[in-house]
Amino acid sequence: MKNVGSRFLEFVLFLLVLSFISFAFIKLAPGDPVMGMLKADEVVVTEEQVDKLREELGFDKPIYLQYINWMLAFFQFDLGYSYMTKQPVIEELFSRLPSTLTLTATSLVVMIVVAFPLGSLAAIYRNSWIDHVSRLFALLGASIPSFWLGLLLIHLVAVQLDLLPSMGMGTWKHLLLPSVTLGLAMAAVYVRILRSSLLDSFGQDFIRAAKARGLSRKRVFFHHAFRHSLLPVLTIFGVSLGSLLGGTVIIEVLFAYPGIGKLVVDAILKRDYPIIQGYIFIMGILVTVINLGVDASYHLVHPELKRGKRR
Amino acid sequence: MKGIGTGRLLLVLTVIVLVALLFLAPYITPHDPLEADPGNRLQPMNGEHLLGTDHLGRDLLSRILEGAQATVGISTLIMLIVLVIGIPIGILSGLLGGIIDRIFMRITDAFMAFPDFIVAIVLSGLLGPGMMNLMIAIATVKWTSYARLVRSTVISEKQKNYILVAELNGASTLRVMSKHIWPHIIGHVLVLSTLDIGKVILMIASLSYIGLGAQPPAPEWGAMLNDGRAYFHLAPHLMVVPGLAIVFVVLVSNLVGDRMRDYYDVRSGE
Numbered sequence: 001m002k003n004v005g006s007r008f009l010e011f012v013l014f015l016l017v018l019s020f021i022s023f024a025f026i027k028l029a030p031g032d033p034v035m036g037m038l039k040a041d042e043v044v045v046t047e048e049q050v051d052k053l054r055e056e057l058g059f060d061k062p063i064y065l066q067y068i069n070w071m072l073a074f075f076q077f078d079l080g081y082s083y084m085t086k087q088p089v090i091e092e093l094f095s096r097l098p099s100t101l102t103l104t105a106t107s108l109v110v111m112i113v114v115a116f117p118l119g120s121l122a123a124i125y126r127n128s129w130i131d132h133v134s135r136l137f138a139l140l141g142a143s144i145p146s147f148w149l150g151l152l153l154i155h156l157v158a159v160q161l162d163l164l165p166s167m168g169m170g171t172w173k174h175l176l177l178p179s180v181t182l183g184l185a186m187a188a189v190y191v192r193i194l195r196s197s198l199l200d201s202f203g204q205d206f207i208r209a210a211k212a213r214g215l216s217r218k219r220v221f222f223h224h225a226f227r228h229s230l231l232p233v234l235t236i237f238g239v240s241l242g243s244l245l246g247g248t249v250i251i252e253v254l255f256a257y258p259g260i261g262k263l264v265v266d267a268i269l270k271r272d273y274p275i276i277q278g279y280i281f282i283m284g285i286l287v288t289v290i291n292l293g294v295d296a297s298y299h300l301v302h303p304e305l306k307r308g309k310r311r
Numbered sequence: 001m002k003g004i005g006t007g008r009l010l011l012v013l014t015v016i017v018l019v020a021l022l023f024l025a026p027y028i029t030p031h032d033p034l035e036a037d038p039g040n041r042l043q044p045m046n047g048e049h050l051l052g053t054d055h056l057g058r059d060l061l062s063r064i065l066e067g068a069q070a071t072v073g074i075s076t077l078i079m080l081i082v083l084v085i086g087i088p089i090g091i092l093s094g095l096l097g098g099i100i101d102r103i104f105m106r107i108t109d110a111f112m113a114f115p116d117f118i119v120a121i122v123l124s125g126l127l128g129p130g131m132m133n134l135m136i137a138i139a140t141v142k143w144t145s146y147a148r149l150v151r152s153t154v155i156s157e158k159q160k161n162y163i164l165v166a167e168l169n170g171a172s173t174l175r176v177m178s179k180h181i182w183p184h185i186i187g188h189v190l191v192l193s194t195l196d197i198g199k200v201i202l203m204i205a206s207l208s209y210i211g212l213g214a215q216p217p218a219p220e221w222g223a224m225l226n227d228g229r230a231y232f233h234l235a236p237h238l239m240v241v242p243g244l245a246i247v248f249v250v251l252v253s254n255l256v257g258d259r260m261r262d263y264y265d266v267r268s269g270e
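Top line first, the protein sequences correspond to chains A and B. Residues 1 to 311, numbered by the working numbering, are exactly what the first sequence covers, in order. Residues 1 to 270, numbered by the working numbering, are exactly what the second sequence covers, in order.
The following block holds chain B by itself, in its conformation from the complex (with noise of 0.2 Å):
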């Protein structure tokens, strides 16, 4: 066992107050987010205002924490639903086999001979911008590459000696799934979504900067950046402060992602 170092216990305690702040946001929010104030239009960082105004007067630390809602809270949505479809369609395919198997992973191969961005926006063409729609689209894309993953860890884990073992013991398929394969599962499930979940909240955030997203006047960091465009050189904070924003919460999934990735390579390395 290692000891806790110092990088860890920053990266914990930096996710522990990104995650409270998510959750918090609506009762922390100094000013109402969507309030015009056209008195007080493109204010810098003050007293009032700790992180300045936008062009319609706006207060911008509140728009901040309610878009954290938008954008990495729907993200973590998306991740959600995507592992309520993936996980189930990777745990039949791959218990299963045969023709299910191979319907399913034609439609797998389709979905994934396409690049992900390129689907999502198609499919956000068809079904018209908005944040449900774009919801749609990104968990359309995404659920595909847990459903393979949950699927070849089945049955590689399937084939082993010990499964076997459990087997002939007389462990029926559902004690063998929830208490031999399920851990594997969840293991590989854990590391790809948080390595992923930083490609889903820049998806959303692009998505919604290019109009396909989160419609205005709602505070998603992507559209705010879209909607302060035209006044960055009079304030540029409205520029720095949502897009700082969007990757200090990516770095820090990243990071995450990274450990964790390591931690449970270690782990299957025993």
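Same shape as in the complex, but just chain A (with noise of 0.2 Å):
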């Protein structure tokens, strides 16, 4: 494992060089900021407010300036503000995060209860029905594009039988038609490694040696072919679960979910460059942190890495 150092050297790094980039097409993108966020009211502008306003944002100065008064702002976390709401773009992302983050864990949670027991069960029943059902749902689970998956569950489950709201949030019930939808476009993808994981174990000698020494079929599934199965499937659970976060703003926006990335979607249809701005770091911050998590994560699963073998 690389040190933790290191890593954050070059994190530092990428978000220097992330924010000159965003910076950069802010500057270069059509229109003015300027007259983006007095033109939100409605009202006639004067040359006289358009002066003010420049000086306020400090656009009068020149480029470079500029551009280390915005990081200088942005270490101490202040991004600007939305032009849509004029709210600190900070506070904004801030109160739409929790609702993201519950929504990619109940959908994780959907994904365990579908996948897991799918997965073993297909590789267990090796050529049985059920492996022939898990082969299909991975397919289609590969096929069918989440919004309309949730297009027609909305239709169906809110629509028709009136069961469950179709948007907002709130209660548990408004959660669970988008966790549905995100998690089983997800399982898809594990199903087929799970029950490819377990198949390479259950061939391996450990496992005769279990068996060998007596002990009961579900011990042996357990604690020792399950177990080990569980190593390529976090190898592609940090990728997923970045994957996911990017997977809840279809979500987000199809179900009117005030998530983060609705919250950009509306952004980005409105030109509101600094929320858009401000997403990339916090969409920055999490990935990286996810990434680190995983490869943390390796040494509890698979304790003899820690010996300095990668991989």
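Don't take each hint at face value.
Listed next, the in silico SDA-like pairs over lysine to any residue satisfying Cα-Cα at most 25 Å (straight line) [to be verified]:
#, chain 1, residue 1, chain 2, residue 2
1, B, 199, A, 287
2, A, 27, B, 110
3, A, 86, A, 67
4, A, 173, B, 140
5, A, 27, B, 140
Derived from the structure by calculation, the hints contain no laboratory data.
With the hints as a guide, bring the two chains together.
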């Protein structure tokens, strides 16, 4: 495992590059942000107001000074103000972040509840009907767009049967449809990975040894085979946790769920650049933390990695 | 050699029909896909409009056919752009090694640390909504995995003895590349890109659905689903038809990708 120090240094470097790119993009973007902010109020804008705001925001200074000021502010967690709501970007983001994290967590629960039993059964009863079901499930999961699955679920469960609310948030009922949509899409990937990983373990000597020692089938499966099979699952877990955060964007828009993804899409459509910048940084930090966490969790599953052998 | 099974034959035929439809779309649409007809709104499937009409009275079949060019055509175009960028960079990186290799690999590392979807959303956010910008965003996300694949193929092949023999016999680098290494590259790239194209189609449709890709009235499948959303309870075909179109095309491309992977794995195991 690379040491945490160099990882952190890389991360800071990465943020610097990222900040430069996003700063440059916003400067090059068509349209004047000052006009954008003033026009949002739908009143006549005077020359005086424009100049005043331009001075307030420091837009009258040379561009490198603007960048330096912007960076200094960034390190004090000041990401500016949203054009849409006039609220500080950091507050907007942090008020939405918990909803997104909740949705991510509940989707993971759905994924585990579906994928682990189905993947295990497919491996234990190889080439039986349940194995074929799991294959079909995986193929469809890779081919159905999550937003269409969500639309179908909304139409069936929320509109036709009127069992659950189709949009918004508040109660557990609001979380159910979005989590199922996202969780099912993810489960499709894991079912097959868990299956092939389990089949691989079943052929290993230590499983035969465990059986020879007379351990029960249940014990052999849970304590030996299953645990051994989790490493490949964990390996792609980090990647898919990241893509899950991406996937929430579509699902949040679909279910009008007020998370950070819905916020950024609204911001993109309304050209609210400070929010987009804020989103980039929050996601950058989140994904890096996830990657570090996954690295660390390898060691929990496979203690022998501690002795310096990586993967 | 295995004979051609029914499954494979069916798959090949399906692909041929799909590609033909894709190219013929502008000539065989029964109606103008953009022409609104307020008197014929939300018609169910009937003789005049085989798949019914949408909330503006536009013929759904025509829109699906025309939309194939946006959804599937643009995805194919993106894959081509990705290959044109990724393959040369991968070859250069693998052949030259050294500082150039390290620079390229650092760049791909940075991209790969981040989920495709988030980078694509952020990029199209910075560039602004629209199909062109979406293409740029997805191509930017995707080229890295091809560059890496090609690079590792080049590196692993050029260490093998038969390359050494060829070089000892006086073959130029160009000849070694084109005659010996290129066939390996193209096989790997073909498999990865057929497996990938379904993902690109899903990405285009999803991002268009949330308004970042195709803009109305352009008939893109994801955008069509967004367009018709308010009318699903009155006209369920507006939801079912574009969705099934996406699922079907992605399913076929995934099946072809799986077959290709098996085929090339068999060959490399010889």
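Each hint tested on the structure:
Under the criterion of a C-alpha separation no larger than 25 Å, the hint pairing residue 199 of chain B with residue 287 of chain A is consistent with the structure, at around 21 Å. Our distance criterion of 25 Å between C-alpha atoms is met by residue 27 of chain A and residue 110 of chain B, whose separation comes to about 23 Å. The hinted pair formed by residue 86 of chain A and residue 67 of chain A meets the criterion: a straight-line CA distance of about 21 Å does not exceed 25 Å. Between residue 173 of chain A and residue 140 of chain B the alpha-carbon distance is near 38 Å, which puts this suggested pair outside the 25 Å criterion.
For a cut-off of 25 Å, the pair hint linking residue 27 of chain A to residue 140 of chain B stands: about 21 Å separates their Cα positions.
The structure does not agree with numbered hint 4 stated previously, though it agrees with all others.
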